[in-house]
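**Q** Going line by line, the protein sequences match chains A and B. Just so you know, the first sequence maps onto residues 1385 to 1794 in the numbering used here. Just so you know, the second sequence maps onto residues 30 to 196 in the numbering used here.
Wrong hints could be hidden among the right ones.
Unchecked claim - Output of the computed footprint for chain A on chain B, the stretches with three or more beta carbons under 8 Å from beta carbons of chain A: (1) 51 to 58; (2) 78 to 89; (3) 92 to 100; (4) 147 to 158.
What the hints assert, rightly or not - Derived pair list, reagent style EDC-like, types lysine to aspartate or glutamate, alpha-carbon separation capped at 16 Å: (5) B:Lys185 x A:Glu1432; (6) B:Lys185 x A:Glu1431; (7) A:Lys1544 x A:Glu1432; (8) B:Lys78 x B:Asp63; (9) A:Lys1403 x A:Glu1631; (10) A:Lys1544 x A:Glu1431.
Honestly, the hints are just simulated from the structure, not real lab data. The beta carbon of each residue, even a glycine, is placed where N, CA and C say it ideally should be.
These are the residues of each chain, in order.
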Amino acid sequence: MGQTFAEQILSHSAGYNVKAGELIVVEPDLIMAHDSLTPSIIRIMREELGIEHVHNPERAVIVIDHVAPASTLSIANSQNLIRQFASEEGIRLFDAGRGICHQVLIEERLAQPGYVIIGSDSHSTSYGAVAAFGTGMGSTDVALCLATGRIWLRVPESIKINVIGRFQPGVTAKDLALKIGRELTISGANYCSVEYHGLQWLDLPSRQTISSMAVEIGAKAGIFPPSPTIKEFFHIPDWLKNDPEAEFVRELTIDLNALSPQIALPHAVDKVVDIDKVAGTKVDVVFLGTCTNGRYEDMKAAANILKGYRISSTVRMLLTPASSRELQKASLDGTLSTLIDAGVTLITPGCGPCMGRHNGTLADGDVCLSTGNRNFRGRMGSPNSSIYLASPEVAAASAITGVITAPKEI
Amino acid sequence: MTPLISRVWKFGSDVDTDQIVPGRYAPYMRPDEDVGQFAFIEARPEFAKNARPGDIIVAGENFGCGSSREYAPEALKRRQIAAIIAPSFARIFFRNSINLGIPLFISSEIATSIRDGEYVGLDLVNNLLLSESRQYILPPLPFFMTEILKAGGVVKYIRQYGRFPTA
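Taking the hints into account, I'd like the entire structure generated from these sequences.
**A** Dropping the structure here:
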C-alpha cells in the first residue's frame, strides 16, 4: 500500500503506519507560537489547563512578528509577558524585527524535512516547502501541544498537483499559487494535504510562496517532495521519498507554459483572473511583503522592474521584508537602494500591514495591490477598502503606473 | 429538555474569520474588551448588536475559512451561540470550535431549508432542529469530537481524563 507524504510523515511520527481518515495522537517535532496568540496560549496553558510548564521547551519556538515592534502600550506590555514566559520556560524567542515566523523557522533550519510542525498561524503550511508536515492551529491546540507535547490530528487525504512546463517571462511562483486557488477554489482542499509534483527544479523561496498559500484553498498541509534544491540546505531522511503507489483523492495538472500573470480580485482569494481582465484599475497602495512574497528574491524581482523609475505620485508603496536576513541580503547588493530610490517605504521585517493592525492600515476607499496571501474584506484595515493579490513583479509594475499593470508593459 | 427558541442568523458561503472578528479587534489589540461584542462587528453589525444567547448560525459551505484566530469562534461562544450548522467548515475553525465546546453540525439540508430570522427549536439532547414546518436531524460528529463537546471543550476533557479521547 503506497503512502502520500502526509501519510509518510504522520506514520513516522505516530510510530505505526497510518492511513488517510484515521484520528491519531502525535508528538510534534516543532511547536511555533507567534505574538498574536501567545498571550492567550499562556493563559490557557497555565490558568485553564492548570499546567505551569512547557513539556519540552526544546521543541518550542516563539516569534514576535504580528505587531512588530509594538504599536501600543498594551501590546508592548503583552510582548514583555511573552519575553518573560520564553525566558522562564527556556523557549527560543525571535524578537520583533527578526522576521515572520515561517521565514525565520526555515532560515534557522528549525523546520526540517519530515517534521510535524504545529504553528499558531494558519500559514504554517509554509513548512511544506521543506517537505515538512506544517499545519496551523488555534490557541487551545497550541497550548495543549506546549503543555503535553502531544496533539490529535486527522490524517488527511491528499490532492496531487502535477505541474508541467516552465514559467514564461514575468510569470512566477505567485501566479502558480493563485492559479491553484483559481482551479481548486477557496475550499477545494479543505481537510486535505496538497502535494506539488513536477517542480524538482523550483528554488526554496518559490516553494515557500506556494506552500504558504496552501491554506488559502483550505489545505491542512502543502508539501513539496524533497528535491536537490532542498538537499543543499536540509537533511532528508531516508524514509521520506516519493511513493508512486500513493493514493490521491484528486489530481490536477497545471501547464506553466500556458500560465500568464494572475490576480485575485477583492474580496476572495479564489476570485482569480488573468491580469489583462483588470489591467488599468487604479491602485492607491502597493504592498510588497508577507510570508508569501517578502523574501530577497521578491525584493530583487521588484527592484529589477523599478530600477530607473519612480513610483507614481498617486501610490504609496510599502516594503516589509520577511526577515532581517532577507533585508540584509537586499541591502548588500543594492536591491534595497534601488527600491528606496524608486520611492518605496521600508517597514520593520515582520507581518507588516497584512492584518490591518499597523504599519500601513488601509483607509476607507483605499485600493491595495498586495503580494500577500489574503484579500478578505477589511483584512488590511477599512471594510471599505479592497485588496488585489499578485506577484512582486506585478506589484512593481503597478507602482510605477499607478494602475494594475503587467510586468511586460514596463 | 425543552427545545430552545433560537433565532437563526443565516450566512452565505466562505465566511472568513476576518468577517467574524477583524484582526484589528483581536484580544491582543484590545485586551480589556470582551471579544464577544466584536462578533461580525463590521460584516454584519446587526448581529453584533442583536444576537442573543441561544441563537444559532446557519451558514453555507466552508464557514470560518482563513486564519487560525481562535478568538473568532471564541467571540461566538461568548455570545452563547447555541450551535453552528453548515454543509462544511474550514478545518482550523472546526477544530477551534470543537476545542471550545461549540456544537457544530454538518448539514446541507438545513443550510438550504432554514431562512434568516426564522425561529427554531434546538434539541441538543436528541440532536433535533424543529422549524415551524418540520423536524430536521442534526447529524452527530465522530465519537472523538462528541466526547470533547460533551465535556464542554478539550481543556475540560483533558482536565477530567488526563488524555485525549480514544478514537
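**Q** For each hint, tell me whether it holds in the structure or not.
**A** Here is how each hint holds up against the structure:
1. 51 to 58: holds (count 7)
2. 78 to 89: Per the Cβ count (0), the hint is violated.
3. 92 to 100: Holds, because 7 residues of the region 92 to 100 of chain B bring their Cβ atoms closer than 8 Å to Cβ atoms of chain A.
4. 147 to 158: Answer violated; 0 residues pass the 8 Å Cβ test.
5. B:Lys185 x A:Glu1432: holds (8 Å)
6. B:Lys185 x A:Glu1431: holds (12 Å)
7. A:Lys1544 x A:Glu1432: violated (40 Å)
8. B:Lys78 x B:Asp63: holds (13 Å)
9. A:Lys1403 x A:Glu1631: Status holds; Cα separation ~10 Å.
10. A:Lys1544 x A:Glu1431: Violated, at about 42 Å.
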